[in-house]
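From first to last, the protein sequence lines stand for chains P and G. Residue numbers for the first sequence follow my numbering, so the first one is 3 and each next one is one higher. Residue numbers for the second sequence follow my numbering, so the first one is 96 and each next one is one higher.
Don't take each hint at face value.
To be verified - In silico SDA-like links for lysine to any residue, alpha-carbon gap of 20 Å or less:
no. : chain 1 : residue 1 : chain 2 : residue 2
1   : G       : Lys205    : G       : Pro249
2   : G       : Lys180    : P       : Asn92
3   : G       : Lys315    : G       : Lys180
4   : G       : Lys180    : P       : His256
5   : G       : Lys204    : P       : Trp8
6   : G       : Lys205    : P       : Pro9
7   : G       : Lys113    : G       : Gly154
8   : P       : Lys249    : P       : Leu110
9   : P       : Lys106    : P       : Lys24
10  : G       : Lys204    : P       : Arg16
11  : P       : Lys24     : G       : Leu194
12  : P       : Lys12     : G       : Tyr206
13  : P       : Lys253    : G       : Gln164
14  : P       : Lys253    : G       : Trp190
15  : G       : Lys205    : P       : Leu20
16  : G       : Lys205    : G       : Met235
17  : G       : Lys315    : G       : Gly274
18  : G       : Lys205    : G       : Trp190
19  : P       : Lys106    : G       : Gly274
20  : P       : Lys253    : P       : Phe134
21  : P       : Lys12     : G       : Leu194
22  : G       : Lys180    : P       : Met89
What the hints assert, rightly or not - Each pair of labels, with its calculated beta carbon distance range:
no. : chain 1 : residue 1 : chain 2 : residue 2 : range
23  : G       : Gly322    : P       : Lys249    : 50 to 58 Å
24  : G       : Asp222    : P       : Asn92     : 21 to 29 Å
25  : P       : Trp7      : G       : Phe229    : 29 to 37 Å
26  : P       : Trp7      : G       : Asp160    : 18 to 26 Å
27  : G       : Ala219    : P       : Pro9      : 26 to 34 Å
28  : G       : Gly125    : P       : Asn92     : 32 to 40 Å
29  : G       : Gly125    : P       : Arg254    : 31 to 39 Å
30  : P       : Phe5      : G       : Asp160    : 16 to 24 Å
31  : G       : Pro150    : P       : Ile6      : 17 to 25 Å
Claimed, not checked - Here are a few chain P residues that face chain G, going by a calculated C-beta distance under 7 Å:
no. : residue
32  : Pro9
33  : Arg16
34  : Arg17
35  : Ala19
36  : Asn90
37  : Arg93
38  : Gly97
39  : Ile98
40  : Leu99
Honestly, the hints are just simulated from the structure, not real lab data. The C-beta atom is built at its ideal place from N, Cα and C for all residues, glycine as well.
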Amino acid sequence: MKFIWWPGVKSIWRRNALMYSKTWMLNLLPNFFEPVFFLIGLGLGVGYYIQQMGGLPYPVFLAPGLIAIAAMNGASFESTYNVYVRMNYNRVYDGILATPVNDKEIVLGEILWAITRSVIYGGAFLVITTLFGLVPSFWAFMIIPVLILTGYLFAAIGMAFSFSIPAIDLFSVYFTLFLTPLMIFSDTFFPIQERLGSWAWVAEVNPLFHCVRLMRDFAMGRFSSVMIWDLAYITAVAVLFHWLSLKQFRKRIHQPAR
Amino acid sequence: MHPILTAKNLSRHFNSLKAVDGIGFSVAKGECFGFLGPNGAGKTTTIKMIYGVLPPSGGELHIFDLPVQERLREIKRRLGVVMQKDILEETVSAWDNMLMQGRYYGFDKKYIHERGKYLLEMLALLDRADEPVFHYSGGMKRRLSIAKGLLNEPELLLLDEPTTGLDPQARHLLWAKLGEIKKKGTSILLTTHYMHEAEFLCDRLVVIDHGKIIAEGTPKGLVEKYGCKNLEEVFLELTGRDLRE
Numbered sequence: 003m004k005f006i007w008w009p010g011v012k013s014i015w016r017r018n019a020l021m022y023s024k025t026w027m028l029n030l031l032p033n034f035f036e037p038v039f040f041l042i043g044l045g046l047g048v049g050y051y052i053q054q055m056g057g058l059p060y061p062v063f064l065a066p067g068l069i070a071i072a073a074m075n076g077a078s079f080e081s082t083y084n085v086y087v088r089m090n091y092n093r094v095y096d097g098i099l100a101t102p103v104n105d106k107e108i109v110l111g112e113i114l115w116a117i118t119r120s121v122i123y124g125g126a127f128l129v130i131t132t133l134f135g136l137v138p139s140f141w142a143f144m145i146i147p148v149l150i151l152t153g154y155l156f157a158a159i160g161m162a163f164s165f166s167i168p169a170i171d172l173f174s175v176y177f178t179l180f181l182t183p184l185m186i187f188s189d190t191f192f193p194i195q196e197r198l199g200s201w202a203w204v205a206e207v208n209p210l211f212h213c214v215r216l217m218r219d220f221a222m223g224r225f226s227s228v229m230i231w232d233l234a235y236i237t238a239v240a241v242l243f244h245w246l247s248l249k250q251f252r253k254r255i256h257q258p259a260r
Numbered sequence: 096m097h098p099i100l101t102a103k104n105l106s107r108h109f110n111s112l113k114a115v116d117g118i119g120f121s122v123a124k125g126e127c128f129g130f131l132g133p134n135g136a137g138k139t140t141t142i143k144m145i146y147g148v149l150p151p152s153g154g155e156l157h158i159f160d161l162p163v164q165e166r167l168r169e170i171k172r173r174l175g176v177v178m179q180k181d182i183l184e185e186t187v188s189a190w191d192n193m194l195m196q197g198r199y200y201g202f203d204k205k206y207i208h209e210r211g212k213y214l215l216e217m218l219a220l221l222d223r224a225d226e227p228v229f230h231y232s233g234g235m236k237r238r239l240s241i242a243k244g245l246l247n248e249p250e251l252l253l254l255d256e257p258t259t260g261l262d263p264q265a266r267h268l269l270w271a272k273l274g275e276i277k278k279k280g281t282s283i284l285l286t287t288h289y290m291h292e293a294e295f296l297c298d299r300l301v302v303i304d305h306g307k308i309i310a311e312g313t314p315k316g317l318v319e320k321y322g323c324k325n326l327e328e329v330f331l332e333l334t335g336r337d338l339r340e
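Can you make the complete structure from the sequences, with help from the hints?
Here it is, written out as structure tokens:
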């Protein structure tokens, strides 16, 4: 049982793909609009009163961060409410654990599906912002691998949380007290490190900050050694929470029979 | 005959709670073996140890001569499991449920379709197999769960309280179907607290209470041994008449 059986991982991904193929209009489409509203409201509304932000026209400053937020939301909805319902209400994992697919493969398959949602949302938004001329550099295609990493990060964090909480109500805490501050203080809406001055390092704790900085650098075609630090930080946090997800999942399934 | 499953001194503790406390039994090939006990006796915990999701706290458990925790994936390929509560995707059809189940085993679409058609027909679901599962009655849902459990042609089928919550008509149909499945050579391990079900289906059975086996034998043998009218009387004699709440 040490190795990963890839057909098992794929079967989890395909399970979700099949379920969503029936209801994507209701379950996938609405989440897509949130960053669109931000782009229109802030980009055109607030942007009308602001000449420049971080040395860029405001919509151009805003676009990469909104792509990162779209990716974060995609993975987060999937790894919180949906995973929780599958686990506790529909008992999907109880059923799957009676087949050759094991716990590692379930967690990995779910993460890959959440990443898929991140890439769909983030990718769609990347296309839209590019069409509006808000993404200047050709290097912006490198945002796609960063979308995968952002999806991995928030899938892993979301699942670790979902497998640890006793009641579904706690997701409002996760979204309001965790994801919302991450988003607001992520460098998306204003250059946070400039405002923090000598406390600039505090922003580096926020994993979304690194996703936004990477995406903005690629969108502008800028390269620096800081990008390696960004990649390393995101990967380290994601791997840590992936491990934690598996640990919490095992704890859950080893509870007494009900 | 050589047993398909053997448990020796098997136990599972949850902190101070001894859910299963040193039980030993074996299931022969082709046999229907019953696990009887009141609610909370340790039936489901035992089933969960057999399909490997709960590692035992102590003792030995071998299925198909393989140690369960070490060779779990191999064992699960040859095992069918039907849970106490139906685990079905209700918004999609029976076909889609079978397709997802088959993929967990790595089967291709062609095999799933052929085997699925055979099973849905046998379990009288084929006519409505394209409908979403939430249209189904309780009996149909349970039969679909059994069809899912048989998709991989298991050598041993685990049934955890298969007829709980079904009306008598649905129960009798299910018993007939389980009889057919057994006749085709599938070994069955079944938990139940319906004595009539155990008398009807089981070749041998054990009565389990507070995590321990308190009696074992054939349904007939137990009735004779305890000098009771039927198995239900034996069961109440053994486990007492107090409510388990």
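Against the structure, the hints come out as follows:
1. With a C-alpha separation of about 19 Å, the suggested pairing of Lys205 (chain G) with Pro249 (chain G) holds against the 20 Å cut-off.
2. Between Lys180 (chain G) and Asn92 (chain P), the direct Cα distance comes to roughly 10 Å. Compliance with the 20 Å bound is thereby established for this hinted pair.
3. Distance check on the hinted pair: Lys315 (chain G) and Lys180 (chain G) sit about 30 Å apart at the alpha-carbon level, beyond 20 Å; violated.
4. Simply put, Lys180 (chain G) and His256 (chain P) have alpha-carbon atoms about 18 Å apart, close enough for the 20 Å limit, and the pair holds.
5. Between Lys204 (chain G) and Trp8 (chain P) the alpha-carbon distance is near 17 Å, which keeps this suggested pair within the 20 Å criterion.
6. Proposed proximity of Lys205 (chain G) and Pro9 (chain P) is supported: the alpha carbons are some 16 Å apart, at most 20 Å.
7. Proximity of Lys113 (chain G) to Gly154 (chain G) is assessed by CA-CA distance (about 13 Å); at most 20 Å being required, the pair is judged to hold.
8. Between Lys249 (chain P) and Leu110 (chain P) the alpha-carbon distance is near 13 Å, which keeps this suggested pair within the 20 Å criterion.
9. Proposed proximity of Lys106 (chain P) and Lys24 (chain P) is contradicted: the alpha carbons are some 27 Å apart, above 20 Å.
10. Proposed proximity of Lys204 (chain G) and Arg16 (chain P) is supported: the alpha carbons are some 13 Å apart, at most 20 Å.
11. Of the supplied pair hints, the one linking Lys24 (chain P) and Leu194 (chain G) holds, its CA atoms being roughly 15 Å apart against a limit of 20 Å.
12. A C-alpha spacing of about 18 Å is found between Lys12 (chain P) and Tyr206 (chain G), which places the hinted pair at or below 20 Å, so the restraint holds.
13. Among the hinted pairs, Lys253 (chain P) with Gln164 (chain G) is consistent with the structure: their alpha-carbon atoms are about 17 Å apart, no more than 20 Å.
14. Restraint check: the Cα-Cα separation between Lys253 (chain P) and Trp190 (chain G) comes to about 33 Å, which exceeds 20 Å; the hinted pair is violated.
15. For the hint linking Lys205 (chain G) to Leu20 (chain P), the alpha-carbon distance of about 17 Å falls within 20 Å, and the restraint holds.
16. At roughly 24 Å between alpha-carbon atoms, Lys205 (chain G) and Met235 (chain G) are farther apart than 20 Å, so this suggested pair is violated.
17. At roughly 18 Å between alpha-carbon atoms, Lys315 (chain G) and Gly274 (chain G) fall within 20 Å of each other, so this suggested pair holds.
18. Taken as a hint, the Lys205 (chain G) and Trp190 (chain G) pair is honoured in the structure, with Cα atoms around 13 Å apart against an allowance of 20 Å.
19. Note on Lys106 (chain P) and Gly274 (chain G): the hinted pairing is violated, with a Cα-Cα distance of about 37 Å set against a maximum of 20 Å.
20. Straight-line distance between C-alpha atoms of Lys253 (chain P) and Phe134 (chain P) comes to about 48 Å, which puts the hinted pair past the 20 Å bound.
21. Taking the CA atoms of Lys12 (chain P) and Leu194 (chain G), the gap is near 13 Å; set against the 20 Å cutoff, the hint holds.
22. Under the criterion of a C-alpha separation no larger than 20 Å, the hint pairing Lys180 (chain G) with Met89 (chain P) is consistent with the structure, at around 14 Å.
23. About 54 Å separates the C-beta atoms of Gly322 (chain G) and Lys249 (chain P), a value consistent with the hinted range of 50 to 58 Å.
24. About 26 Å separates the C-beta atoms of Asp222 (chain G) and Asn92 (chain P), a value consistent with the hinted range of 21 to 29 Å.
25. For the hinted restraint 29 to 37 Å between Trp7 (chain P) and Phe229 (chain G), the CB-CB distance of approximately 32 Å keeps it satisfied.
26. Our hint of 18 to 26 Å for Trp7 (chain P) and Asp160 (chain G) holds, since their Cβ atoms are close to 22 Å apart.
27. The hinted range of 26 to 34 Å is satisfied by Ala219 (chain G) and Pro9 (chain P), whose Cβ atoms lie roughly 31 Å apart.
28. For Gly125 (chain G) and Asn92 (chain P), the Cβ-Cβ distance of about 34 Å falls inside the hinted range of 32 to 40 Å, so the restraint holds.
29. A beta carbon spacing of about 36 Å between Gly125 (chain G) and Arg254 (chain P) agrees with the range 31 to 39 Å that was offered as a hint.
30. Between Phe5 (chain P) and Asp160 (chain G) the C-beta distance comes to about 23 Å, which sits within the given range of 16 to 24 Å.
31. A beta carbon spacing of about 20 Å between Pro150 (chain G) and Ile6 (chain P) agrees with the range 17 to 25 Å that was offered as a hint.
32. The closest approach between the C-beta of Pro9 (chain P) and any C-beta of chain G is roughly 4 Å, which is under the 7 Å cut-off, so the hint is satisfied.
33. Here the hint on Arg16 (chain P) is kept, as its CB sits about 6 Å from the closest CB of chain G, short of 7 Å.
34. Satisfaction of the interface hint for Arg17 (chain P) is found here, the shortest Cβ-Cβ separation to chain G being roughly 5 Å, below the 7 Å cut-off.
35. Evaluation of the Ala19 (chain P) hint against chain G yields a violated restraint, the C-beta minimum of about 10 Å exceeding 7 Å.
36. Using the Cβ-Cβ criterion of 7 Å, the hint placing Asn90 (chain P) at the interface with chain G is not satisfied: the shortest such distance is roughly 12 Å.
37. This hint holds: Arg93 (chain P) has a C-beta 5 Å from the nearest C-beta of chain G, less than the 7 Å allowed.
38. Given hint, Gly97 (chain P) at the interface with chain G, holds; its Cβ is 4 Å from that chain's nearest Cβ, closer than 7 Å.
39. Against a cut-off of 7 Å between C-beta atoms, the interface hint on Ile98 (chain P) holds, since the closest Cβ of chain G lies about 6 Å away.
40. Proximity of Leu99 (chain P) to chain G holds as hinted, the smallest CB-CB distance being about 5 Å (cut-off 7 Å).
The earlier numbered hints that this structure contradicts are 3, 9, 14, 16, 19, 20, 35 and 36.
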